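**Q** Each chain, letter by letter, is given below.
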Amino acid sequence: MAENGAKATVTLEIDGVEVTVPSGTRVIEAAEHVGVVVPRYCYHPGIPTRPAQCRMCLVEVEGRPKLEPSCTLQAADDMVVNTASDTARTARQSVIEFLLVNHPLDCPICDAAGQCMLQDYAYVTNQLESRVDEPKRIMGRDRISDDILYFADRCVICTRCVRFMRDVAEDDSLIVAQRGDKAYIDTFPGRELDNPFQGNIVDVCPVGALVHEDFVFKARSWDMDAAASVCPGCPTGCNVTIDTKENQIVRVKPRHNAAVNSWWMCDYGRKHLVMTNRGVRAELPLIRAGGGDGDGGELRPVDWATALDWVAEKIGTLGAPGGSAVVSPDASNENLFYLRTLLDRLGVGDADFRVPQGETAELPTVPTLKLRADRAANAIGAGFFGGRSVDGPPNGSAGGALVVLDDELEGAGEDFGASADFFLYLGTRLPGAARNADAVLPIATFAEMDGTFTNFEGRVQRFHQALRPPGLARPAWMVLSRVLARLGDGEAVDDVRGAFERMAAQAPAFAGLTWDGIGLKGAPAAGSAAEAAGVAGSAEAGA
Amino acid sequence: MPGDVKVVERPRAESSYVRAAAKGMSITMRHLLSPNKKTQQYPDEKWELAPRTRGTHRMAVHEDGRAKCVACGLCPTVCPVNCIKLVPAEDESGERYAAIYEIDEFRCIFCGYCQEVCPVEAIHLGVHYENAEYSRERWVYDLERLVEQEHDVTALWDPQDPASQ
Numbered sequence: 001m002a003e004n005g006a007k008a009t010v011t012l013e014i015d016g017v018e019v020t021v022p023s024g025t026r027v028i029e030a031a032e033h034v035g036v037v038v039p040r041y042c043y044h045p046g047i048p049t050r051p052a053q054c055r056m057c058l059v060e061v062e063g064r065p066k067l068e069p070s071c072t073l074q075a076a077d078d079m080v081v082n083t084a085s086d087t088a089r090t091a092r093q094s095v096i097e098f099l100l101v102n103h104p105l106d107c108p109i110c111d112a113a114g115q116c117m118l119q120d121y122a123y124v125t126n127q128l129e130s131r132v133d134e135p136k137r138i139m140g141r142d143r144i145s146d147d148i149l150y151f152a153d154r155c156v157i158c159t160r161c162v163r164f165m166r167d168v169a170e171d172d173s174l175i176v177a178q179r180g181d182k183a184y185i186d187t188f189p190g191r192e193l194d195n196p197f198q199g200n201i202v203d204v205c206p207v208g209a210l211v212h213e214d215f216v217f218k219a220r221s222w223d224m225d226a227a228a229s230v231c232p233g234c235p236t237g238c239n240v241t242i243d244t245k246e247n248q249i250v251r252v253k254p255r256h257n258a259a260v261n262s263w264w265m266c267d268y269g270r271k272h273l274v275m276t277n278r279g280v281r282a283e284l285p286l287i288r289a290g291g292g293d294g295d296g297g298e299l300r301p302v303d304w305a306t307a308l309d310w311v312a313e314k315i316g317t318l319g320a321p322g323g324s325a326v327v328s329p330d331a332s333n334e335n336l337f338y339l340r341t342l343l344d345r346l347g348v349g350d351a352d353f354r355v356p357q358g359e360t361a362e363l364p365t366v367p368t369l370k371l372r373a374d375r376a377a378n379a380i381g382a383g384f385f386g387g388r389s390v391d392g393p394p395n396g397s398a399g400g401a402l403v404v405l406d407d408e409l410e411g412a413g414e415d416f417g418a419s420a421d422f423f424l425y426l427g428t429r430l431p432g433a434a435r436n437a438d439a440v441l442p443i444a445t446f447a448e449m450d451g452t453f454t455n456f457e458g459r460v461q462r463f464h465q466a467l468r469p470p471g472l473a474r475p476a477w478m479v480l481s482r483v484l485a486r487l488g489d490g491e492a493v494d495d496v497r498g499a500f501e502r503m504a505a506q507a508p509a510f511a512g513l514t515w516d517g518i519g520l521k522g523a524p525a526a527g528s529a530a531e532a533a534g535v536a537g538s539a540e541a542g543a
Numbered sequence: 544m545p546g547d548v549k550v551v552e553r554p555r556a557e558s559s560y561v562r563a564a565a566k567g568m569s570i571t572m573r574h575l576l577s578p579n580k581k582t583q584q585y586p587d588e589k590w591e592l593a594p595r596t597r598g599t600h601r602m603a604v605h606e607d608g609r610a611k612c613v614a615c616g617l618c619p620t621v622c623p624v625n626c627i628k629l630v631p632a633e634d635e636s637g638e639r640y641a642a643i644y645e646i647d648e649f650r651c652i653f654c655g656y657c658q659e660v661c662p663v664e665a666i667h668l669g670v671h672y673e674n675a676e677y678s679r680e681r682w683v684y685d686l687e688r689l690v691e692q693e694h695d696v697t698a699l700w701d702p703q704d705p706a707s708q
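If you read the sequences in order, they're chains A and B.
For the first sequence, our numbering gives the first residue as 1, with consecutive numbering after it.
For the second sequence, our numbering gives the first residue as 544, with consecutive numbering after it.
To be clear, the hints were calculated from the coordinates, so they are not data collected in a lab.
Don't take each hint at face value.
[As the list claims (entries may be wrong)] 25 angstroms max Cα-Cα, derived BS3-like pairs, lysine-lysine:
(1) A:K182 / A:K218
(2) A:K218 / B:K589
(3) B:K611 / B:K589
(4) A:K136 / B:K611
(5) A:K218 / B:K628
Quantities reported herein were computed from a predicted structural model and do not represent experimental measurements.
Just chain B, same shape as in the assembly:
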């Protein structure tokens, strides 16, 4: 044993845990009874998201259930990470439509350019965050899946103040 270990005597009032424990319990009790509780009971309670939250996509549809997309090719062109695949085709009535429309949500950075560039307001980002999947393939949303989504669509800008001034 080293010879010069200094042993400091501490008064009992300082070294007792009783007072500190009582203080901690009082804080706990105060928070337990406080009306400003922060803990959220997810998934029973869900977070309320801002209207401009940018989450996974959703495709708008016509009244008859057809996707509004006209397969113009602007979203794959503007997409900075190339996560949109589009193959245009002609339907029986000679209209242009998307024969294949797939968004890889894993690759997507949720910039919202696709929604901004869409001339027919078909593709939208969504106010949505619950995206757990069992496989990576499920993260590639095809047109059918995009149409099925039911969450709110993102408001990229405030209609009252489109330039954010």
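Okay, chain A solo, but in the shape it has when bound:
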């Protein structure tokens, strides 16, 4: 150990399995390479500081007199580590016994139950009885910020939240107050917890001490379904997991992706994702087929087959090519691709999209993770498919065909689309500006379908269906592929793979990409900044 050779890797033995890891790797991380997860509280892979204070990850190293905390212990050549020896297990059981001295054991009403590391480790260490006769200390709960509650009795003082704020967000607003069994987490005197990334302290909490107020008592962990998704709040495209219960989003958590958001996401994204899936929705296809033939009359609800047949027929009988289109920069790549295919058929050039602007926020230690000013999930993707960023109210006064894809048409006048020969509105909602539409086709939000977004640096990222769409709403790629199929262009697709495959075959930016190849970590689009930067794409997905 005395020699200071620049060795790239070290080889050690963990629980009888030999493993070679990069030099400098900690034993707790090396153990994960052989499939051993050493119990831990204070260690979190996304938080740089490792105080080794919870004493949960103690392991036995041959030739050393005492147990060593594996979160700070550097892996070295010829080290023989035993994570499950009797000594290590007894030590772990003792730690659990101490943690349970004052723990209220209120698992039946705790929101972390089922996903709680104290529960898990109490179970695996078989620590069933307490030898303490003294009554438990009771501290109650506290509002630590405007939307986060702190249940002090449940806290194991791992300080992950304090260290996330201090070392990742670089905001010294949280501290450990008092000592010993009176210790609790609080805001620094005279300061408030008011950080755009503070929601992450709830995600790092290994127990149920920190809970989002809007999640308190909402759902038990086993009642929820999870879907891998991407945050649509801004072009960063943070990877997230959407937890749903009874077809409602109850929680949004960041999903690790080293190239995009690391382990974190911003609070704006969490709220935005929930809000985009609330509200009154368009649920039925509507067409303006009068009593006789042709225009006039009220919009009336019909089934999909009738609506699609009618729309295809109207498009087929349109006169001179030309027209205009308004698209949402929150639409998925597949939706935009199918819309572009339809627009090309109609002879429509640029599709206008408007990107709302908002405040920015940065997480100082993670350069790729920012809340960006553009409040749109897929403006880059819209650009790939003949989109044109414009300001001001949407222009719907031109003649010819007018197609709107999921834009709420804010600022549009009463006569929006009145002079169009054929006004097709595909939307998740039904804004007043769609009143002149000849056909309204209800489509699914991003959380109700599978698809991809392209983030700010051109990384194509997959998201998966978390909710059932309301009523007859369907993904726009599914709807548009059927309109096109009726016009003799391609086939109707039911599976996102089919939609993605056709897009990859026809759109140069997606050449060479496959749905499976993108994986859950995303892959750079052809010619994008992400590709130029050599961002670890699918290669990193397996790690």
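Starting from the known structure of chain A, fit chain B onto it as the hints suggest.
**A** Then chain B, alone, in the frame of chain A:
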């Protein structure tokens, strides 16, 4: 008339009903006067049920009359026939409670898992069998109705011998 019908002559002693009737009456009289009568005068007399009889539910309450349920969600989770509906909420003092708690007793199979799993000993099966109702809706017991029940609660196991050995 078929020609080969055989007519059997029977002695009077065998074919007379007098003796059989007298025998029957004697059995009737014996049972009428017997101290071991089995007929129960329901509903004037009620059956005495075993303490482990599993009948319709009852919710235990605190001294102030609040239901003991903390809305943990274990009973709807464990229920094999999904007959329990629970919506948890937070009361003024920040405690978790059941905003909606309904048991469909028609659907219930009276397995007793809900009582067994309850961490606060709130929901119980009852030693009770008189459940006639005029409508199916009345068979869905809400929290108020569960609290109102007054019958004994089921002992799922003998406290002296919890493992039934």
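**Q** So, for every hint listed, does it hold in this structure?
**A** Against the structure, the hints:
For the suggested pair A:K182 and A:K218, the alpha carbons sit about 29 angstroms apart, so the restraint of at most 25 angstroms is broken. For the hint pairing A:K218 with B:K589, the CA-to-CA distance comes to about 45 angstroms; that exceeds 25 angstroms, so the pair is violated. Between B:K611 and B:K589 the alpha-carbon distance is near 30 angstroms, which puts this suggested pair outside the 25 angstroms criterion. The suggested pairing of A:K136 with B:K611 holds, with an alpha-carbon distance near 22 angstroms, which does not exceed 25 angstroms.
Annotation: proposed proximity of A:K218 to B:K628 holds, straight-line Cα distance about 14 angstroms (limit 25 angstroms).
Hint compliance for this structure: hints 1, 2 and 3 are broken, all remaining hints hold.
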